[in-house]
Every structure is written in structure tokens, then in C-alpha cells.
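Line order of the protein sequences matches chains A and B. Counting from 1, position 145 in the first sequence corresponds to residue 145 in my numbering; the numbering is continuous, with no gaps. Counting from 1, position 136 in the second sequence corresponds to residue 1136 in my numbering; the numbering is continuous, with no gaps.
Just so you know, not all the hints are guaranteed correct.
Partial list, computed: chain A residues near chain B (C-beta under 7 Å) [as the list claims (entries may be wrong)]:
#	residue
1	L18
2	G22
3	Q56
4	W93
5	L105
6	E109
7	A207
8	T211
9	R259
10	L266
Source of the hints: derived by calculation from the structure; they are not laboratory data. Glycine is no exception: its CB is placed at the ideal position from the N, C-alpha and C atoms.
Each chain is listed here by its residues.
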Amino acid sequence: MSSGFALGDSLRRVGAILLRHGYLARSSWIRVFDLMYWPLLQMIIWGFINTFLASQSSWVLRAGGLFIGAVLLWDLLVRGQFGMTLSLLEEMWSRNFANLFVAPLRPAEYAVALMALSIIRSLIGVVPAALLAIPLFAYSIFEMGLPLVAFYAVLAMTGWAVGLLMCAMLIRFGLAAESFAWASIFLLAPICGVYYPVATLPGWLQAVAWTLPPTHVFEGMRALVMDGTFRGDLMVSAIAINLLYLGGSLAVFLFGFRRARERGQLLQTGE
Amino acid sequence: MPHSGPVIEVNGLAKHFKTVTAVDGVSFAIPGGQITGLLGGNGAGKTTTISMLLGLLVPSAGQIRVFGEDMLRHRYRVLPRVNFSSPYVDLPHRLTVRENLMVFAGLYSLRRPGERIAELAGALELTELLSRKTGSLSSGQKTRVALAKALLNRPELLLLDEPTASLDPDTADWVRTYLERYARETHASILLASHNMAEVERLCADVLMMKTGKIVDRGAPTALIARYGRRTLEDVFLDIARDRRSNEAAP
């Protein structure tokens, strides 16, 4: 057994956290269904809205399944963040947190495991909805091709950044912060232009919107769908902003962890 | 890495939570290869002390060295050689016993986890329970599973917080017998926090008596009993809890 830092051991510990959640998912189909439920429901609602508006507006008709694409991308972001906080909450609910951190699991390794779980959970949540949109509304988000990968990468990073902040809050404040951990991401929805162009917002709010990486994705998606243009510049700026936020969030996560160790909250993760 | 000095060395250890002082400048050293008791009533500071020894809690003041390593600076060098069990910490209920042990085997980077789990399952009479959900087990079975988790990495130092709390006498006796055998066979050090006097008297070669965050006395159970002129460790505990010295203790 190694007593210092070794990459192999570090990967084993990250793998152990993934294994723990894999076992949990295998033992609880309701948890897996829960991941898919809201994306499916959202896709169906916005699919019908899209169908109705397309019959009323030539702009929407020309845009194809614009709203379905928007809601699927939005759900990738939301499920990405939830994927992190839910994984942490599972440990708090099961009072397992202290066991994890008396093992040689480092906070940064735990953060990496949470990020990986965020990707897995968001894909399990959204891919079925995206596949179902093809027969239901004759819309395939996969027709976006490679730009979809760029959109997803940006949204996953933002999900990690928000997720790490929420995890820091949960570690620091315990389950009292649970409601906020669920609701916080929705603060971005009206600002980052999920369903309407950023130009719709008042000028001062547009400036705020452009500081949010998802804004770049949704504007980029509209450019792709409406004009057939992939705005690489938007993706580059989004990734740059994301790296900034991600670095900040990781620092807050590690700081929150440190504060929790000062206050004894790793042993008592209740309210 | 072998370490010849005390397994645990604590100097001036203190923990303050706002206006509450949970641990108040304690100093002690624990030699290797023996079971040491940390005895005290509720709120005496036992769990806080153990949490600091594990690095779950950062001290307000003082130093902790485990295996000669500064626990605040080199926690991750120490943790692979240590483990912990407490009735106040659970293993995930929805996972089977085997799944839980596999996860912790991964966290401790065990190379052949299946073999180790089978070995522990045999020793702790868990073989029949490996496929059961942890949440479906009785308290006694859960305690044995928690002990298996705590022994996965063959710890040289085992910290146990009230290991037999809420167990029936038969199961509690079984656990104590197992711990005695483990310490004897592996020469591991065990720090046992408890307010079960009979348990401490039976298992521990040395006892640290805690009260209101301080270590107020220390010695082998027989030495403490003799010093206070009492017949049992429980009587000694009551004398300390009620601020009675041996010469003024009630008959």
C-alpha cells in the first residue's frame, strides 16, 4: 500500500466513488428513471409548443425544432449540475461522508469523481429524450453534428462550475442548503437566452448574459440552426470564461471543505 | 514505514466552537501495540478528539503526530495506515455488504479486494450476509460490517468510537473478543472511545479519563481503581464525573 501520492491509487479512489454510484443506480431503478423523467417531460412540452408555433410563424417553421434543441441543451446543463449535487447529497443522506474522508480520498479526487458523475448522469438523463424527439417530433439534435460536442463541452463545464459551488455550500451548511442547491441553476434560465435571443433582454442584462458561458451556447445554437453557421468565436470565449469560473469554483469547493473540517461538519452532515 | 516511537503524540490539543470549548489543551502519547481507552461521559470531548486524530476536524491549537507524521500537514501519508468505525456514521443502506466493502477497498487502493473481503467475511461471520443490502441488517450485523470496513486496509491504528453502543450483550461480547484477538495477532494499536466501563476495563491496557475537554487522569484500569480506592472502573468514572477524589468518595 502506498503512503504517498500515486496516480494509480488516485484513479482507484475516483473509480471507487463511481463504483459506489454505479451500485446505487443498479439497485434503484427509480433513481435512473428520475434522471430521465424531467428531460423527457420538458422535451414533450416544448415539442408541442414548437409544433404549435411553427403553424403560426414562418420564423419558427424555418427554425425547425429550435425550442426542442434549446430545451435539450438546457437540460444537459441542469442535469450536469444536479449530477454533482445529487451525488454529494446521496452521501449526506446515507451518513457516509465521514467514512469517505477518513479514507485517503482527497477533496480534489472527490471533485473529479463528482465531475465524472455529472457527465454520466446528464447523458443518462438527456440522451433518451433526444432519441425520443426523433420519432415524436421529427427532430434530431444529433443533426447538429460536431458543434453539438462543443455545445455540450461548454455546458458540462458550466454545470461543473455551478455544481462545485453548490457542493461547497452543502458541505459548509449541510442539508439546510439542499433546496437552494436544486434551485440555483434556474437563476441562469431567464438570463442566458435559452428560448429567446439575448438581444431580447434590456441592455444592462445583455452585458450580464454575455458573462455566462451558456449564453454563448444558445446564441451559437441559434446561429447554427437559423443561418447554418457555427460560431467558433462564441465557443472559444465560452470555454475561456468557463475555465475562469471552474478555477474559482474549485477554489471555493476546497475552501468550503477546509471550513467544514474546521467546524466539524464532515462528521455531522445533517441540518 | 515502521515507526518506533509512540503511535499517537498529541500536544496542547484544543478545539473551540464559538463559545464552546470541546477539547481544552490535552497532551498525551499512546504507545504502539496496545488497546487504549478514551473514557468520559457525554460531551467530554472523546469524539472531538478522535475526529481531530483522523483529520476530520482541524484543531484550534496544538499538534498531532501519528506514526511520527504531522497529521495537519501529512494527513494523506497517515490515512492509508489508519481506519475508523463509529455507530454515528453509516454505510450506504442500499448497497449490499459486498458492494460497500468493494467501494472502500477501492478507496484504500487494495490490490486484491475480493480476497481480502472473503478473508474478513470469514473472520467476522459475514459470508452469508455479503449479498444482503446493508440497510436490511440488524444492529449487530451492521456493527460487524462496519468493523470489516474498518479492517479492510489492515490498519496499524484503529480508532473506534463506541464500537458496541446499542448492541445486545452477546453481540457486544463477540465484538470485544474479536478486537482483543485482532490487536493480539496484528500488534495493531487501538484507541477506543467509550463510556462503557466494563468494556474499557476488559480491553484496555491504559485509560485516558476525559472530562469537560480535559484529560483528568490516566492509568491502567487496575491502577485507576486502586488509586481511587474503588472496586470497579465505573465507580472511578462516577468519582471523576462528580468531582470526588478517592478520599472523599461515597462508600
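Among all the numbered hints in the text so far, which are the ones the structure does not match?
1, 2, 3, 4, 6, 7, 8 and 9
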